[in-house]
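Student: Using the hints, position chains Y and H against chain V.
Protein chains in written order, with our numbering: chain V, 1 to 336; chain Y, 337 to 915; chain H, 916 to 1219.
Because the hints were derived from the structure by calculation, they are not lab data.
It is possible that some hints are incorrect.
[Claimed, not checked] Sample of chain H residues at the chain V side, in silico, Cβ under 7 Å:
#1 Leu1025
#2 Ala1066
#3 Arg1175
#4 Ser1179
[Stated by the list, open to error] Interface residues of chain V toward chain Y, partial, derived using beta-carbon atoms under 10 Å:
#5 Asn231
#6 Leu237
#7 Ile259
A virtual CB, placed ideally from N, CA and C, is assigned to each residue, including glycine.
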Amino acid sequence: MLVYTVRRVLGAIPVLLLASVLTFVLIDVSGDPLANLRVMQPPPDPEVIQLQEERLYLDRSMPERYWLWITGIGGNGDIGLLQGEFGPSTQSATYDIGANIAERLGVTLRLVGAATVFAIGLAVLTGVVSAMRQYSKLDYTLTFVGFLALAMPTFWFAGIVQQAGVGFNELLGTQFFATVGDGTYQAQSESGFGLVTNALAYMTLPTIVLMLTSFASWSRYQRTSMLEVLNSDYVRLARAKGLPNRVVVRRHALRTALIPLTTVVAVGMAAIIDGTVLTERVFQWRGLGEFFIQAVAANDSFALMAWLMLSGTTVILANLIADLLYGVLDPRIRYE
Amino acid sequence: MTATDATNSDKETREATVERDDVVLEVNDLSVTFQSDDGPLQAVREVSYVLRAGEALGIVGESGSGKSVTSMAIMGLLPRNARVTGSARVLGQEVVGLTDAQISKVRGERIAMIFQDPLTSLNPVYTVGYQIAEAVLAHRNVGRAKAMDRALELLELVGIPHPEQRLKQYPHELSGGMRQRVVIAIAMANDPDVIIADEPTTALDVTVQAQVLEALNAARRETGAALVLITHDLGVVAGNVDRVAVMYGGRIVESGPVEEVFYRPRMPYALGLLGSLPRLDADRRERLTPIMGTPPSLNAMPPGCSFAPRCPMARTRCHEEEPLLLKLDERGDRVWADVGDPEAHSAACHFSAELGESTPADLFRAESVAGPDTEVGTERGSAREEATDPPAVDGTGADSGAGGGEPILTVTDLVKNFPIRSKGLLRRKIGEVQAVSGISLDLREKETLALVGESGCGKSTTARLLLQLIRRTSGEVHYRGQPLHALTPRQMRPLRRDLQIVFQDPFASLDPRMTVADIIAEPLRVHREGNGKSRRRVAELLELVGLNPEHGSRYPHEFSGGQRQRIGVARAWRSTRGC
Amino acid sequence: MSENSAPGTAVAAEVVGGVQRTQLQMIIRRFLRHRPAMISLGVLVLIALFAFVGPYFWTWDHFVHREIPPSVPPSADHPLGTTTAGHDVLGQLMRGAQQTLKVAFTVSLLGTAVGSLWGATAGYYGGRVDALMMRIVDVFMIVPLLVMVAAIAGSVRGGTTWWAVALIIAAFSWAQIARVVRGVVLSLREQEFVEAARAAGASPGWIIVRHLLPNAAGPIIVAATLLVAVAILLEAGMSFLSFGIQLPDISLGQMIGDARTAASTRPWLFYPPGVLLVIVCLTINFIGDGLRDALDPRQTMERR
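One chain only, chain V, in its complex shape:
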């Protein structure tokens, strides 16, 4: 198991490295961080531009810049991933990319975590029910809901959910659902029960939005995988042994049908990250999504790179965990 783990970790490194090269080159080629400055009217002093170029290392060639960005050797001490520095920002000379990410990470992780957990739970439940009652009205209904969810643009659905929350509040004359903001500041003054209701108020609607797409695709997957297992020879043998139906389903079908879901969930993490950007935008959270939008708007290459590396690492990590979990769950893959 240890060897297996080490091998998977080692295998992830080249992918991450390749991803960093790819994103670096694409971001670098596609935009000019000083675009806004250059088109300014009246044109700024060429010296100002030159100073900015030096600050952002734009005076060096692209390979040099990549090397610098990774190692920080030859830089001004504000760059070098291996030294824990993400590079200078275009947004201002004092804008610290690392600190900003650290500050927002908690907000986003909260949302991503909650959405993932609920999406998995609901997907397994509906997938299994759908498979057990194949071709029933319930199956058709769940299938249609799944298709609808897959067809729904996250941000539009978010808008509708937000409206519904507002409507709910108005109807009951309460402020049960918070429809704007992430509630971090409010949480600081609360404790105990207040903290829970605060979290509930701010988290509920965005979580519903974010989990929708993933839930739908995982549920479809779970249904297929469950059907396959239900039709397998070993489930037939389990029935032939005389086990009652619910035992067969729980012990033989569900247990085995859950295994492939680990991989699917891991791959789906990338989609969830996409979703957070949109969801945070609608609910006006100050999370990593907003950080990303600001970075793109400001042509902030290094901030974007930091963001993409972080999300890439997250997805790779998720895949790694899934692989290891697979090894634990499926004895055929188990390594000594």
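Tutor: Structure of chains Y and H alone, referenced to chain V:
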């Protein structure tokens, strides 16, 4: 004489006579219908039989004859789109129409089942011991430890070495034969009264088959259970059962004691089945007598006897009236047999009295060709004849005199190793497994060489090595003096015209998205020698292997397994007469 | 019902196989009988007509016109109302749908072409070639798609046109197709008919084009269809973040983005583009489902 045949109304009388003392399984007029896109399909039609304690019944038939579906219906394991009518009683208890909870109490406890494919029959995520113990715990109120003890005992009974270790292993760590014995152990777990074994040895090698059959016999001895052995392999039936029922087109068409059916078949189909069986004691020159045609489609059953379209002695009555399953009495009249009579030999054939002592060759050879050496026969006959003509495919050993002259294919010390990689970090190559070790052989013109062995012994690997489909580790292959092993894939390509292969699996070896004509013409096109003539050539080849030349525009899935294999032969055909 | 579910259905399949029908006829027949897919196809054709032919018959295009009164709710003159700036929403909707469909189908075409060849090559050669090619695919799979394309499109100076958006999305979404095709080819490669072709002397190119790709056609077509839906949502997401198609051109996502604060005050701005997007994606997913059932009955259920 047929005027005295019994009719359906006489049936009532015989049903009353069944003695129920030692009957463990009684199936009566069981029918199964599937709802499908093409309307209802009758997979099983009015099957009846009686099984007494300790008795072994063999059910024989081709795939699609309904033999498995019958047993699945008894076990209540059919999918929801199946409609089961009639009755099946296990120890007097009706099991057709039971709810899942009710039938769960019968399954495993009174009637157990063994399935065909041992590789997929066990759940991959649980240990062998757990899966056996589970069967015990399903019906016995004992502790987990007790159940495990029983599992150990069962593993010993079915002859698995080192049962204590095996108990903790997962199915993928066991060989196919061993897994099938585990499945048998599961079936024995609660001392059932009936064990249904559905093709238990089909997926296994001959030597392993013997072990599994031995385990099955051990199970019978131990539990005293009656056995229903479902198989298409007459050889398996012969030594292992008391009575046989032959199924065709969803019906039992012949049933009786095994010697009776084997030596005095009363139905042309059973006779044909026996004729299709190769015999070691027969003259090598004597050919098998195949039954022509294919089994009927369930949605297009002929109105009369379902075998009539393939039957050489079919008459008008056979095409119009479906024969009942009746026995011959002393006067040669067809009458209802006593269902409880284990000695009764019944057949569903209007003319079973005429069959007498016929041999398969008498019946099935008569209409095809005049004699083995005749060049011209009927269209089909000639095709078959040519396909098995000694110079082309059929075997002639060195003794026949055809094997003289220089060898055209020479193999010297052929070795193929596959690497074994370590489970460590670097997956270093830590060893090799020899798939083929030092094979040498010569093949002369017009010679047929047979490579015989169990699966995994390297025969297929050798064949692929000869054709350079995989690369050898060492050794030499010469074809007409050319060293094939030294050629690059590109250099090899033109030579492939002369070195052809017919594959094992007729379903996998034909591209499902190509028409049959395209498949057969592919070698010609690849070597750019088709140019316009390929269509005619394809028609010739189709005719040569006994298929309708107009069927070239069809796809492989429209043909039966046997027909597909003939398409494979046509593709490999590189006529030396033509060129 | 999958064919390998039970002996009974296997029997049924055998029997159906015995009926003489060409494969294409069977595929078409199965698709025609898939009611959701057929309805969806009809709806999609109507929407395409609306998007591409509609503008020729409707008074207003997607630009601002001085004659258009701002912020008017739906009326006879403007069936879907107008925006604050003075756009006719119906005109915008036609143009937006048009741009969305153009982007989505271009992405699907490009992505499928590149992805299929990439996946088939990797799958056929296997070994190191496969390992290297699939690592590259992995790279594309780990970056969140929307974020990546938005970052690039947002960085490109001077705004983006529909085909630039399509190119950027295609550049990142072919990887999914490659993965699907590679998986299929990997299993096909082990089939005896491929070996038979090699034994007949066929070259790798011949085998990939004549045997592997036609046999992978089912999964490829299904994946291509689903890619259309993916592309639509991606484009809409980009536009919503205002990193997609730029003004004065318009896309459905952009319309929703502009109206996101007006959902309750001016619902006619918020709901029509969203509903249209949902319908387009829904129809495409249903068509994909129908195609999957028709092309590969073993993989999914066959409806009765």
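Student: Are the hints correct? Go through all of them and say.
Tutor: Verification of the supplied hints:
Interface restraint check: Leu1025 of chain H against chain V, minimum CB-CB distance 17 Å, threshold 7 Å, status violated. The beta carbon of Ala1066 of chain H comes within 5 Å of a beta carbon in chain V, closer than 7 Å, and the hint placing it at the interface holds. At about 5 Å, the closest approach between the beta carbon of Arg1175 of chain H and any beta carbon in chain V falls short of 7 Å, and the interface hint on this residue holds. Among the interface hints, the one on Ser1179 of chain H holds; its C-beta lies about 6 Å from the nearest C-beta in chain V, closer than the 7 Å criterion.
Restraint check, Asn231 of chain V versus chain Y: the minimum CB separation of about 8 Å is within 10 Å; hint holds. Because the closest C-beta pair between Leu237 of chain V and chain Y is about 5 Å apart, less than 10 Å, the hint holds. Hint status for Ile259 of chain V: holds, given a least beta-carbon distance of 7 Å to chain Y, under 10 Å.
Of the hints listed earlier, the one the structure fails to meet is number 1.
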